[in-house]
Each structure stands twice: as structure tokens, then as C-alpha cells.
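Chemist: Using the hints provided, position chain B relative to the given structure of chain A.
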Amino acid sequence: MFARTIALAVAIANLAAFDGAVAQTANQPPDTMAARVEACTPCHGNQGEGTSDVYFPRLAGKPAGYLYNQLLAFKNGRRKYPPMNYLLEFLPDPYLQQMADYFADQHPPLPPVAASDASKEVLQHGQSLVSRGDPQRQIPACGSCHGPALTGMEPGIPGLLGLRPNYISAQLGAWRYGTRTAKAPDCMQQVAARLTEEDVTAVAAWLASRPAPVTVAPAPKGTYVLPFACGSEPD
Amino acid sequence: MRSCSPILAVWLLLFAGSSAEAQRKPDPDGDSVVARGEYLARAGDCIACHTAPEGRTFSGGRAMPTPFGTLYSSNITPDRDTGIGKWTAEDFYKAMHYGRFPDGGLMYPAMPFASYTKVTRADTEAIFAYLKSIPPVNQRNREHDLRFPYSNRQLILGWRTLYFSEGEFKPDPTKSAEWNRGAYLVEGLGHCGMCHSPINALGGTSQSDAFKGGLIPMQNWYAPSLTSNREAGLGDWSIKDITDLLQTGVSMRGVVYGPMAEVVHNSLQYLNDDDTRAMAVYLKGIAEPSPSPPASSTLPTSESSLLISLGKTVYDKHCASCHGTQGEGKPPHWPPLANNQSIEMQSAVNPIRMVLNGGYPPGTNGNPMPYGMPPFAGLLSDNEIAAVVSYIRTAWGNRGAPVSAREANELRSAPLN
Numbered sequence: 001m002f003a004r005t006i007a008l009a010v011a012i013a014n015l016a017a018f019d020g021a022v023a024q025t026a027n028q029p030p031d032t033m034a035a036r037v038e039a040c041t042p043c044h045g046n047q048g049e050g051t052s053d054v055y056f057p058r059l060a061g062k063p064a065g066y067l068y069n070q071l072l073a074f075k076n077g078r079r080k081y082p083p084m085n086y087l088l089e090f091l092p093d094p095y096l097q098q099m100a101d102y103f104a105d106q107h108p109p110l111p112p113v114a115a116s117d118a119s120k121e122v123l124q125h126g127q128s129l130v131s132r133g134d135p136q137r138q139i140p141a142c143g144s145c146h147g148p149a150l151t152g153m154e155p156g157i158p159g160l161l162g163l164r165p166n167y168i169s170a171q172l173g174a175w176r177y178g179t180r181t182a183k184a185p186d187c188m189q190q191v192a193a194r195l196t197e198e199d200v201t202a203v204a205a206w207l208a209s210r211p212a213p214v215t216v217a218p219a220p221k222g223t224y225v226l227p228f229a230c231g232s233e234p235d
Numbered sequence: 001m002r003s004c005s006p007i008l009a010v011w012l013l014l015f016a017g018s019s020a021e022a023q024r025k026p027d028p029d030g031d032s033v034v035a036r037g038e039y040l041a042r043a044g045d046c047i048a049c050h051t052a053p054e055g056r057t058f059s060g061g062r063a064m065p066t067p068f069g070t071l072y073s074s075n076i077t078p079d080r081d082t083g084i085g086k087w088t089a090e091d092f093y094k095a096m097h098y099g100r101f102p103d104g105g106l107m108y109p110a111m112p113f114a115s116y117t118k119v120t121r122a123d124t125e126a127i128f129a130y131l132k133s134i135p136p137v138n139q140r141n142r143e144h145d146l147r148f149p150y151s152n153r154q155l156i157l158g159w160r161t162l163y164f165s166e167g168e169f170k171p172d173p174t175k176s177a178e179w180n181r182g183a184y185l186v187e188g189l190g191h192c193g194m195c196h197s198p199i200n201a202l203g204g205t206s207q208s209d210a211f212k213g214g215l216i217p218m219q220n221w222y223a224p225s226l227t228s229n230r231e232a233g234l235g236d237w238s239i240k241d242i243t244d245l246l247q248t249g250v251s252m253r254g255v256v257y258g259p260m261a262e263v264v265h266n267s268l269q270y271l272n273d274d275d276t277r278a279m280a281v282y283l284k285g286i287a288e289p290s291p292s293p294p295a296s297s298t299l300p301t302s303e304s305s306l307l308i309s310l311g312k313t314v315y316d317k318h319c320a321s322c323h324g325t326q327g328e329g330k331p332p333h334w335p336p337l338a339n340n341q342s343i344e345m346q347s348a349v350n351p352i353r354m355v356l357n358g359g360y361p362p363g364t365n366g367n368p369m370p371y372g373m374p375p376f377a378g379l380l381s382d383n384e385i386a387a388v389v390s391y392i393r394t395a396w397g398n399r400g401a402p403v404s405a406r407e408a409n410e411l412r413s414a415p416l417n
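Chains A and B, in that order, give the protein sequences.
FYI, in the numbering used here the residues of the first sequence are 1 to 235.
FYI, in the numbering used here the residues of the second sequence are 1 to 417.
Looking at chain A on its own, in the form it has when it is part of the complex (with noise of 0.2 Å):
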């Protein structure tokens, strides 16, 4: 396998000298990720930004190692949703790298954020679940995985700013009722296994009402250490 990803590797680095089959001339596309990624940006925004869809999510300047790990997913059929699992079947895995990469790096402002019709007690059980989580219950904190300011840690954790209620809440689903599983162990399955429909639809209202933070990029890996292992954030 190792070997493998190599020699694709070489043959990706070796393609501006490529002059073989694929013969270049003139009238070609133009030779950027923007250009390969066309076909992701009617769902996800030009710069992955997102777009009128509440279950399109962003994907602009989430860690590049978690997007890679999504289309790694969507490819082997681990994460659901045909319509891109289609897309990304026959695509090689350095290939999906480079499009985490190139959506890592878009930066476009976050969304103003929408007005919540959620009650004051929905959000204030969603806003503890977040900060303080549930000993009880045993539900850690969800910024002691996503970070203080929800904004994600290299490589493998995403931040949870910018995504729309409706989204949050379809993933915490989907995590429910293993439609999406994540790398071994999958931690974030094992939180959202102990949540109920109500604690999904407080963090998501609430998650959903925060204003965008002075930074949102993710801490650097190792910055702290998460309460239990996750296969996605490897140590």
C-alpha cells in the first residue's frame, strides 16, 4: 500500500512534465485545484464557503487532515451520501489530499449568523453541554475535543463554527444510527451515542448562534489533550 501511494505520488509530481497522453495545448482548463474542484462548488460554494442549503456544509479553512479523512470516508462508502460517494469512487487517495488541502486553505468570512427561533432554555442546555458536558451522563464537553473557542485542532478535528443547526444535527444523527462512522476508534460515535434528540437539537441551536471568533483557525495538533483516544486525531 505504501509502495503504492508512492509511485502515485511521483506520477502527481512528475504531471507538468507529463507530455505523454494527455497531450497539453492550448486550449486547456486552466491548470488549478479551482478548476478540478468545479465540480464540488455548486453544492459548497466557490470557496468552499457553503451555500444556500442548510445540509451543505462549509468547508473552507476546516484542518486539512479532517477533509481528508472525510473524502477518504465518502470513498470507501464509511460516510453516506451518494451523490459524492459517486463522485469520489475512482478518485487516488494524493489526489484527495490535495483537495482537503485546497479547501483548507480558502478562507472566506463566516456566515452572520442566522436568527435562532430556539427558547432560552434550549439554548442555555446547549451551550452547558458544550462547555461543561455531562459527568453524569458521562458526556464530556465538547470543547474539550473541538477547543475552548470551538475552533477545531490539527490534524483530524473540525470546528464547530459556521455550520448551520440542521447540519450539526443530521451528523450527530447520522453518528447515532452509524450511517457515518469515523476512523477507530471513533470517539465522536461514542459521544453522540449518549446523547438524546433533545441534547442534539440544544447544542446544534446553540452551537449555530455563536458569532464568528476574532481567529478561526484550528490550534496546532498536540495543543491540549483530548478526554478520551479518537483514530481520527492520532497522537
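These aren't lab readings, by the way, just hints derived from the structure by calculation.
A virtual CB, placed ideally from N, CA and C, is assigned to each residue, including glycine.
Each hint can be trusted.
Short derived list, chain B residues pointing at chain A, Cβ under 8 Å:
hint: 1; residue: 357
hint: 2; residue: 358
hint: 3; residue: 369
hint: 4; residue: 373
hint: 5; residue: 379
hint: 6; residue: 416
Among chain A residues calculated to face chain B with C-beta under 7 Å, some are:
hint: 7; residue: 29
hint: 8; residue: 90
hint: 9; residue: 91
Modeler: Same frame as chain A, but now just chain B:
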């Protein structure tokens, strides 16, 4: 006879996908039998069916959905308990050549032995030597989950009587060695006819219809005729365009997509230049000019001219940036749509599905970072899809027929994986 027909269709089903990654092309003339066997296993695309997503290579367990239930491919690693570790070379030859298990039992034709029977004994033995050399994986085969009566293997006998003729490839002495090498690969290990043949009333492929094209059941993709120049017949393609298509997935004339992307990704990209060229020579050779049937449409003329004018509006807004206002594209990466057989065929299934689902050609050694096309299923209505497909099938001198909104709607539910 009726009762066995569904089983016959099973063998036409192929299952896209695998986590196989690129690798250096092994040299088929290399001194080691194992290396030659590895190369031949690539040419036979064993990995497409015998490796599950994220599964260990060749350990089987890949689910193959069929209209009659689900088949699971077998573990063909040399594990003694769960794989083929106890098989002799003779057992293996019997499987590949006759479609029989070591105890004489009949294999489902989803395992393409009807094509592999053409493979020589020496090549079959090289594949066996290679399979014996890979790491054994202890993973028990999963039972097939077929509904009664399809679970009864005796039904396979009926299929065999009609569609299976055992026998190694016989070269045609009137043709060049290169042509014959191409024929050997296409008809044998390449099992191209498994998809590129019409499914007749009995759901099988008859010899005389080989390579004449057909709709792949369950997947809803049309595998075009390789003999008709109105479909994927390559009679007027240059050899270079054909070899580019097979080796890299893209060419100046068109690109591969859907199940054909799987074939290029897992198999054809690994064939060496000589073998690729031989296949191209053969494919070009079997294409026969067929009289173009008058474009027939089920739509009244008034309706189709309205559709086509709406189609031009949709095209200029959503498609022209890549495919060009005159359908000229920017080949090979953004394929041309003018004079592109693959969208003019009688069956409009493929162009409709392309517009609904978009796609990337496979990433290959020759084209590791392909450009893609977005899916339009969520952006365009049935009417707009029908309109734009009707437009590209008839504009710029293209000779396809318009399609209806109903045809577009029906393909929205086609499976994506």
C-alpha cells in the same frame, strides 16, 4: 427455461469500486511467473469483484446486488481454511475454464468464466502462481443471499447449455499477431462482452451478439456497442485516441464514466503499451459502419422544438463554460460534445445520467488529477434536464433524438453505487 432467465442476467452485473491504488506497471515479459500472473490478474480485473471496500485485497466479501438477491464474492487468497490455499493448479484451471468448483459444483456466471475460458492454460497457471504468493487472509466466505428458486445451483445448467461454450481462444490466421493479441485480451481476460452485449429475451449473451451493446441491469447504464460506429464502435477513431481512452480514461474524442471508469481504474490503466495498442487495433478492426437509423423520437415535433430552444438556454448558462458554445469542449479534460458518439446513441440513458449525476473520469497514472463535472440533479427540473439533453443530442450536426421529461425523471432514482 423461463425460470433460469433471471440468473442469466446476474452475470451481466458488475460492481464498480475498489480501493486499489496505482502501482508500477509490471512487465509481462519479466522472468518471474508470479509477476506475469499479477499483470494478468490486473487484465482480468479480479480485484473489482474480489475485494470489498476497505477490505483486504482478494479476501472477497464484496456484495453484488442483483434483481434476485445479493451475491458475495469469494476469498481467493491462499488461506488454507477460508481461501483457495488447498486448491491445486488443476482445481484453479477448472474454475477459470469450466466454471466448476473442485467438487464439480457449478459456479454462478457472475464470475466471468464464460470469458475466462478463453485464457490459455499457461496464463491461468501464472495467475494461480500469483494468487498463491499473496498474503493469506482468514475470512470466511459469506453465503449468497438469493431468493428461491435462484438459490438452486442446478438452474445454472440451463444457462450453460445456452450461453457457455468452453474453449481456449483460437487465433484467426488471416489476421495479424497484434489483432489476435487484442482479441485474446478483449474476449478473454478483459471480459468486455460481459457488459458490452445486449441482454436478449433470456437475459444472456449469445455469441452472435457479442459486443453489440446493452443496458446493464440494476445499474442502469448503457454499455454501448463496440461494433457499431454509431455507438462506441471505434472505426473512425485514431489508434492514439483509443489507447489514450483505455490507458488514461480521457481522450480527444471522449471520456469514460460510470462502470467503464471502474474498468479503466482497476484494470486497463495497468496494461503495457503493446497490449493496449493490440486491443485498440482489434477494437478498431471489429467496428463496422452501420447505416444510421433515422433519428426517431417519441415526441411530437412541436414539443421537441420547444424543448430544444429551452435546452439551448440551459446549455449556455450551465454547460458552455466547460463544453464550449459550439460543443467543442477543451479536450481531453472537458470532453467535446459535438460529434461525440456517446451522446448520440439511440439509448439516451448515459447522457441523461451524466447530467443528473456529473462525474470524474478515473484517476490514473496517465491522468492522476482528472477534472470533474458537477451533478445537476438538484439544480435542474426534469423538463430542463430533458431540454438540455435534447439540445446536445441534436445541436452542431449531432444526430441523436430528443428525450422526454419522463425519461429524465425515471433515471433520478438510478443507483449511484
